[in-house]
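*Asks:* So for the sequence shown, full-length UniProt numbering puts the first residue at 1; every next one is plus one.
Keep in mind that a hint or two might mislead.
Just the calculated beta-carbon pair ranges, DEER-fashion [stated by the list, open to error]:
| no. | residue 1 | residue 2 | range |
| --- | --- | --- | --- |
| 1 | Ala187 | Asp251 | 28 to 38 angstroms |
| 2 | Ala476 | Val455 | 22 to 32 angstroms |
| 3 | Arg6 | Arg401 | 18 to 28 angstroms |
No lab work stands behind these hints: they were computed from the structure.
Small disclaimer: the values here were computed from a predicted structure and weren't measured.
We put the beta carbon where it would ideally sit given N, CA and C, even for glycine.
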Amino acid sequence: MDIAIRIEGRHDLTGQIFRQLRTAIVDGRLEGGARLPSTRDLAKQLGVSRKTTLDAFERLVAEGFLNTRAGDGTFVADGLARVPHAAAMSAPSIVDDVPRIDAVDARALWNALPDALAMPTPQDSPGFDFRGGVTDKTLFPFDAWRRCLHHALRQQARGPGQYHDPAGDPQLRGAIARYVAFSRAVACSWDDVLVTQGAQQALDLLARVVVRPGDVVAVEDPGYPPARAAFASLGATVIGVPVDAQGLVTDRLPDDARLVYVTPSHQFPLGMPMTLERRVALLEWAQRRRAVIIEDDYDGEFRFEGRPVESLKSLDRTGLVAYVGTFSKTIFPELRIGYAIPPRALRGALAKAKQIVDWHTCTLTQAALARFMHEGDFARHLKRVQKHYDARRKMLIAHLRGALAPWFDAIVPTAGIHLAAHLKPGLDEAALVRAARAQDVGLYGISAFHVGVPVRPGLLFGYGGIDALRIDTALAKLAALLDAGIAGGSPLVT
Numbered sequence: 001m002d003i004a005i006r007i008e009g010r011h012d013l014t015g016q017i018f019r020q021l022r023t024a025i026v027d028g029r030l031e032g033g034a035r036l037p038s039t040r041d042l043a044k045q046l047g048v049s050r051k052t053t054l055d056a057f058e059r060l061v062a063e064g065f066l067n068t069r070a071g072d073g074t075f076v077a078d079g080l081a082r083v084p085h086a087a088a089m090s091a092p093s094i095v096d097d098v099p100r101i102d103a104v105d106a107r108a109l110w111n112a113l114p115d116a117l118a119m120p121t122p123q124d125s126p127g128f129d130f131r132g133g134v135t136d137k138t139l140f141p142f143d144a145w146r147r148c149l150h151h152a153l154r155q156q157a158r159g160p161g162q163y164h165d166p167a168g169d170p171q172l173r174g175a176i177a178r179y180v181a182f183s184r185a186v187a188c189s190w191d192d193v194l195v196t197q198g199a200q201q202a203l204d205l206l207a208r209v210v211v212r213p214g215d216v217v218a219v220e221d222p223g224y225p226p227a228r229a230a231f232a233s234l235g236a237t238v239i240g241v242p243v244d245a246q247g248l249v250t251d252r253l254p255d256d257a258r259l260v261y262v263t264p265s266h267q268f269p270l271g272m273p274m275t276l277e278r279r280v281a282l283l284e285w286a287q288r289r290r291a292v293i294i295e296d297d298y299d300g301e302f303r304f305e306g307r308p309v310e311s312l313k314s315l316d317r318t319g320l321v322a323y324v325g326t327f328s329k330t331i332f333p334e335l336r337i338g339y340a341i342p343p344r345a346l347r348g349a350l351a352k353a354k355q356i357v358d359w360h361t362c363t364l365t366q367a368a369l370a371r372f373m374h375e376g377d378f379a380r381h382l383k384r385v386q387k388h389y390d391a392r393r394k395m396l397i398a399h400l401r402g403a404l405a406p407w408f409d410a411i412v413p414t415a416g417i418h419l420a421a422h423l424k425p426g427l428d429e430a431a432l433v434r435a436a437r438a439q440d441v442g443l444y445g446i447s448a449f450h451v452g453v454p455v456r457p458g459l460l461f462g463y464g465g466i467d468a469l470r471i472d473t474a475l476a477k478l479a480a481l482l483d484a485g486i487a488g489g490s491p492l493v494t
């Protein structure tokens, strides 16, 4: 039996087949256990090469939508057609205006942010710094960026000085919509995109329009402290939900949560992606509870192994997922441009909240970035920088699996510009961080990222701002420190 797949044009044929099959599976039109035609037969039906259909099937298998049985064929995985259509129920009850925010004493929240997120002065920075969230600006094409800035300056010099649309530059919003559609399968139009001052402002604005004092917000544990602080500062009760090798443990979500914040592509700080089953379960849970999901696509742009994991937003059929992204990792943090693609029920409120907070993001940098993306400079930069980060990642993994293996259990992610490693039993996280700093090596414990008591201590190794040679030198120093410390009865051991 032929599968209803419509090929339009000759562009991205593999992607067209992949997306239509994925949608048919999620919608239930292809049921679990259903046998698919062979890649040869499907290629003949669609008038494409067999390699095209084979690549689409391989991606669906890699992401858990299909299973292959040797000598028997390819079948739809069971238990995936559980995300209902929006038409199956009334629209979610989502706040459609900016709520009143009660006064909250947030001083303790800000003081509790971990050192790994504090911004040191240049004189305080260690010579070998594994801080997360840092990029290497020496790899950035500043000549191309300068041309884009000059063009934006010339254009803006012709008009009056005035305030602009809080949602952002239409050209940039369109470029972002095309980018996320291609790279993350997020279907949206330019007017669905809101430009923000980095991902942190996107989180803050979403919290302002969704969270009311006393609401329960569920976050990953361990997770991103500034997100927790933003929610708590608005009077929310923040509850940590554990993560395991498959990502957020959805069975542990609190029943009364109004908002869930997740990093499914590259869990912060541990690094594992959320499996397809967990993503479907989270969407199903949110629909039952009328809860909003904030999907922070943290570090999802840099993938080194396997196929890209589909975003939650691309699987959402009921308008519950607010997708958040940033250019801080792909370009550099100083740019301060991020974006949110909220449920359409929240678009108006989010734009009003943005206007109240700072009216709009810098129009000059928005225009320059729009041109940078339109000219292809952004895509070329991503391709180039990924090779450098991959070399650093491999160097780090080689040390953690080699000389440092007696002391660490590395969690090797498939994406991102940092990885985490748990300490073997008996090592003191805080003592190791202090001892390494005395050797001019900046290490950062993961205990500070936990909501409650850490299950297991460990370290976060960011490799965006430290090159492969310095990684090699720093980790050799760390291995020597551990060897000497353990042999000498050092306080590194608890």
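*Asks:* Decide, hint by hint, whether the structure agrees.
*Replies:* Tested hints:
Checked against the hint of 28 to 38 angstroms, the C-beta distance between Ala187 and Asp251 comes to roughly 29 angstroms, which is consistent with it. The hint said 22 to 32 angstroms for the Cβ distance between Ala476 and Val455, and at roughly 30 angstroms that hint holds. At roughly 47 angstroms, the beta-carbon separation of Arg6 and Arg401 lies outside the given 18 to 28 angstroms, and the hint is violated.
Checked against the numbered hints given earlier, the structure breaks only hint 3 and satisfies all the rest.
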